[in-house]
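Working from the sequences, and respecting the hints, build out all of it.
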Amino acid sequence: MKPRLLVVYLTILCASLAQAHLGSPDVFYDGKVGPWTTGVAIRMPLVVPGRAGITVQVESKEPVTVSFVPVSSLTAVSNTPPPELAEPVAGETNLYSGELWLMTGGAYTILIRIHGASGDGSVQIPVNSVATAQLPLPPLLGDILITLAILLVAAGIAIVAAAAGESSLPAGVLPGTVARRKYWIAASVTALVLALALAGGRKWWNAEETDFRTRLIEGGWPNLAAEVRVAGSQRLLDLTLGEDSSVSHNSLSRLDLAPDHGKLMHLYVVGKPGHQIFAHIHPVRSGDASFEAALPPLPEGDYELFCDLTFHTGFSSTATNSIHLPPPPAGNGEISLPPDPDDSWTLAPPAVAGENPSADTTCLLPGGTRITWKAHPPSRAHQDAALQFEVRDAAGRPAVLQPYMGMMSHAAILRSDGLVFAHLHPAGNYSMAAQVLFDNKIDRESGGPATHASLADHAKIEAWCGRSHDGADPSLISLPYQFPTPGNYRVWVQIKTGGQVKTAIFDTTVSPAAQAL
Amino acid sequence: MDTEIESRPAVSVLPGTDPSESTPAFWPGLLLAIAATCITLGIMWDISWHETIGRDTFWTPAHMLIYMGGAMGGCVSGLLAIQYTFRADPAARASSTRVFGARAPLGAWVAMWGAIAMLTSAPFDNWWHNAYGLDVKIISPPHALLGLGMFGIVFGALLLVLTRQNHLQNGAGSGLFIFVGGIFVVMAGVFVLEYIFPNQQHAALFYQVCAVTFPFRLVAMGRAARASWPATRTAAVYMLVSSLMVWILPLFPAQPKLAPIFNPVTHMVALPFPLLLIFPALAIDLVLRRMGEAAGWRRVGVSLVLALAFLAVFVPVQWFSARFMLSPLADNWFFAADRTWSYGSRLGPWVTEFWRTNPADANANLVTLRALAVAGALAAATSWLGLLLGGWMRKVQR
Chain A
37 MKPRLLVVYL
47 TILCASLAQA
57 HLGSPDVFYD
67 GKVGPWTTGV
77 AIRMPLVVPG
87 RAGITVQVES
97 KEPVTVSFVP
107 VSSLTAVSNT
117 PPPELAEPVA
127 GETNLYSGEL
137 WLMTGGAYTI
147 LIRIHGASGD
157 GSVQIPVNSV
167 ATAQLPLPPL
177 LGDILITLAI
187 LLVAAGIAIV
197 AAAAGESSLP
207 AGVLPGTVAR
217 RKYWIAASVT
227 ALVLALALAG
237 GRKWWNAEET
247 DFRTRLIEGG
257 WPNLAAEVRV
267 AGSQRLLDLT
277 LGEDSSVSHN
287 SLSRLDLAPD
297 HGKLMHLYVV
307 GKPGHQIFAH
317 IHPVRSGDAS
327 FEAALPPLPE
337 GDYELFCDLT
347 FHTGFSSTAT
357 NSIHLPPPPA
367 GNGEISLPPD
377 PDDSWTLAPP
387 AVAGENPSAD
397 TTCLLPGGTR
407 ITWKAHPPSR
417 AHQDAALQFE
427 VRDAAGRPAV
437 LQPYMGMMSH
447 AAILRSDGLV
457 FAHLHPAGNY
467 SMAAQVLFDN
477 KIDRESGGPA
487 THASLADHAK
497 IEAWCGRSHD
507 GADPSLISLP
517 YQFPTPGNYR
527 VWVQIKTGGQ
537 VKTAIFDTTV
547 SPAAQAL
Chain B
1265 MDTEIESRPA
1275 VSVLPGTDPS
1285 ESTPAFWPGL
1295 LLAIAATCIT
1305 LGIMWDISWH
1315 ETIGRDTFWT
1325 PAHMLIYMGG
1335 AMGGCVSGLL
1345 AIQYTFRADP
1355 AARASSTRVF
1365 GARAPLGAWV
1375 AMWGAIAMLT
1385 SAPFDNWWHN
1395 AYGLDVKIIS
1405 PPHALLGLGM
1415 FGIVFGALLL
1425 VLTRQNHLQN
1435 GAGSGLFIFV
1445 GGIFVVMAGV
1455 FVLEYIFPNQ
1465 QHAALFYQVC
1475 AVTFPFRLVA
1485 MGRAARASWP
1495 ATRTAAVYML
1505 VSSLMVWILP
1515 LFPAQPKLAP
1525 IFNPVTHMVA
1535 LPFPLLLIFP
1545 ALAIDLVLRR
1555 MGEAAGWRRV
1565 GVSLVLALAF
1575 LAVFVPVQWF
1585 SARFMLSPLA
1595 DNWFFAADRT
1605 WSYGSRLGPW
1615 VTEFWRTNPA
1625 DANANLVTLR
1635 ALAVAGALAA
1645 ATSWLGLLLG
1655 GWMRKVQR
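Each protein sequence line maps, in turn, to chains A and B.
Numbering (my numbering) for the first sequence: 37 to 553.
Numbering (my numbering) for the second sequence: 1265 to 1662.
Calculated from the structure, these hints are not laboratory results.
Keep in mind that the hints are not guaranteed to be accurate.
As the list claims (entries may be wrong) - A few chain B positions that, by computed beta-carbon distances, are all more than 12 angstroms from chain A:
no., residue
1, Leu1343
2, Leu1508
3, Met1532
To be verified - Residues on chain A that point at chain B, a partial pick, calculated with CB under 7 angstroms:
no., residue
4, Val84
5, Thr111
6, Trp137
7, Leu188
8, Ala191
9, Ile193
10, Gly208
11, Gly237
12, Gln438
13, Met441
As the list claims (entries may be wrong) - Simulated pairs of lysine-lysine, DSS-like, Cα-Cα distance not exceeding 25 angstroms:
no., chain 1, residue 1, chain 2, residue 2
14, A, Lys239, A, Lys532
15, A, Lys299, A, Lys477
16, A, Lys410, A, Lys68
17, A, Lys477, A, Lys97
18, A, Lys299, A, Lys532
19, A, Lys477, B, Lys1521
20, A, Lys68, A, Lys97
21, B, Lys1659, A, Lys218
22, A, Lys239, B, Lys1401
None of the values given here were measured: they were computed from a predicted structure.
Ideal Cβ placement from N, Cα and C applies to all residues, glycine included.
This is how it looks when you write it as structure tokens:
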């Protein structure tokens, strides 16, 4: 295979395996689309090919037309299908919904266009198309299928036997000895053939199942090896992507990572047990697929690692591992790797011991800053998580927020068992780097001016900041998200004010989704 | 109470029955023939739909046509079972076959089995799509079950009209039988569609696949139909029905709905122009006229002659017609050579080239003497099976 083809193949392979976030495949967007403030929820299919369910809430007093187009990273924009029109949801105002086929695994962006009397607008929201779950066979369906299979086998034997035994007899002639012998021989041979067919079918099904599981990623990807070494006065964390993976790290190096908020890697280090300690750091590349980071002064103990990556295809994934940190070295030794200036951490236990969603819940931060999770209905899976926060300074005035890596806020969400993890921003929970990559692809291939959207692009930051630029209180933060499953969750909300990054911690218990009436 | 009578060397006959009064009715056979046609045309339409518009919901018109055929087949055969079991007179009951204590013509049982298989495949396939993705592979266990069900209905229709033909004199009823036989061959052609594009007709696999598929059906029809030139007529039905689909489908505007679109088609994609089976079928008829009645080792000999006759005509006809099909002369509404490429095809020189014919390529599949010998052995084996099936079909009375 030619090297170039190999790269393409490996790119496709990796794209088909990776998964953004953990256990939280759905994608949410909140922001301006043309003149309208818009909220988008994309319910991702669990398998590929599959249908994504999309709902769009448009804050508009006029009826609008909403359409969707899937744009794959692997094909030219000119090869996209015609737009799929969304339908207004009955009984709702300005809520539109529709479905979109995602035919192949890999990175896509969903281009959403809104047209109305006030103008036109569009936004593209990157998504990952990958199998993330194994659907069990419902017991009732299994019973029905077994019953029908028994019927088909029994009827098949009886029909072939009848064909051999009496079908060629003239009307009224009863089967004689020869016919009966034929009947039983045919029945026996058919039974044998059908038994072999059933055995073959079972083997075939198992082979399909095995093949599917090679494409199924239920946890983090790619493999992440982690080691800590002490160098001078620092503990350095060495990370290697792709070891022991089906894709060697040589291929990973060729894939290239795209910087997200100016960083190739966002690493969340969360203390075990109880997820009390939290750090958000940014390792730098030290080799083909190797990264290193200077660890902040986290105490000795066990930690979980969640490593957010975006590949140059626009595919984002989260790699995970666990590690034991030794105690911080004493003394003022040599510093071999300067920490990233945007690294942040908190060693404090959660300020919120419990949760009372019907009242405001406030987390008091060092320096007197307070972040308040506004009162909201009890959290339920697959419903708006109502992650709206108000930031006040020590004097109780609305705090002046500063962009932290291009965002007015970053948030991380982790379920208590560590199996659900998501990284949120006011604009949504998708990869901003992927959005930039697709922006460039669409501009480049549509013949329009290249936007070169980057974190320095003020207009982008404004857009990413969601509704905060829309005349609302700039100290208010709204994070569009829906918890994917019931359970106990911890939410870390990070803001920057007075030049310092501050991290608030909240807990919430998420109930199962309400049953549809 | 037919089972109470002991079998004896002499033929036992149910009292009060007269074989001459038990000719099956025309309408059930016609309705099952329509069901079989709906299914077969539905599959061809569905393939075109997938190649033009892409994979779609369950509720496409092509799917509806297929399932309408399945439902019609199930209903007709179910009604026949009810009629023959509970409402028929003794003569009619005595002209049916018994399955699980109920009575119906054999064709009705086979069609009913096919309808149940199609019914079973529906929830199975729906779950399969949700569990593993929509049609990740077209040939999947639920699709195989669906295919078996569709085959069951078409074969059931064939048996039902065959029974009527075998009861009538002077070849009456053989027209419908030959029509359904043609549909039976069309369905076989659809199942091997991915091997029979003109571009593949200079590679050995094409001839081997065709040797497995077509002599079996044409020989069986040639033996079973009570009309002159039955295999030729059957092949003519195959060619006519397939050609009609080639001509009609591209008349309808349509555009792809799924990415990536490499070939922005504007009308329904045509299936490849049918194979020129009428010529080898003519050879089969000629052989069967002279030596159709055969048994034992003589049947093996006839099979070898049939295989030789089939390939001696089929290979040169397809070899040279394929050259024409890849030339610009075939890029028109009649042959539709330029209208068979799906929306996902990246068009290039390969569309007018023969595939797997370069000896230097690792996947070369050349038509050598050895490859033709394999095709001949396969054709002989399937011809033998066709003779066996056709001989049995000639005798089917119920």
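Status of each hint after checking the structure:
{"no.": "1", "hint": "Leu1343", "result": "holds (17 angstroms)"}
{"no.": "2", "hint": "Leu1508", "result": "holds (29 angstroms)"}
{"no.": "3", "hint": "Met1532", "result": "holds (16 angstroms)"}
{"no.": "4", "hint": "Val84", "result": "holds (5 angstroms)"}
{"no.": "5", "hint": "Thr111", "result": "holds (4 angstroms)"}
{"no.": "6", "hint": "Trp137", "result": "holds (5 angstroms)"}
{"no.": "7", "hint": "Leu188", "result": "holds (6 angstroms)"}
{"no.": "8", "hint": "Ala191", "result": "holds (5 angstroms)"}
{"no.": "9", "hint": "Ile193", "result": "violated (10 angstroms)"}
{"no.": "10", "hint": "Gly208", "result": "holds (3 angstroms)"}
{"no.": "11", "hint": "Gly237", "result": "holds (6 angstroms)"}
{"no.": "12", "hint": "Gln438", "result": "violated (40 angstroms)"}
{"no.": "13", "hint": "Met441", "result": "violated (33 angstroms)"}
{"no.": "14", "hint": "Lys239(A) with Lys532(A)", "result": "violated (58 angstroms)"}
{"no.": "15", "hint": "Lys299(A) with Lys477(A)", "result": "holds (20 angstroms)"}
{"no.": "16", "hint": "Lys410(A) with Lys68(A)", "result": "holds (23 angstroms)"}
{"no.": "17", "hint": "Lys477(A) with Lys97(A)", "result": "violated (33 angstroms)"}
{"no.": "18", "hint": "Lys299(A) with Lys532(A)", "result": "holds (17 angstroms)"}
{"no.": "19", "hint": "Lys477(A) with Lys1521(B)", "result": "holds (21 angstroms)"}
{"no.": "20", "hint": "Lys68(A) with Lys97(A)", "result": "holds (15 angstroms)"}
{"no.": "21", "hint": "Lys1659(B) with Lys218(A)", "result": "holds (15 angstroms)"}
{"no.": "22", "hint": "Lys239(A) with Lys1401(B)", "result": "holds (16 angstroms)"}
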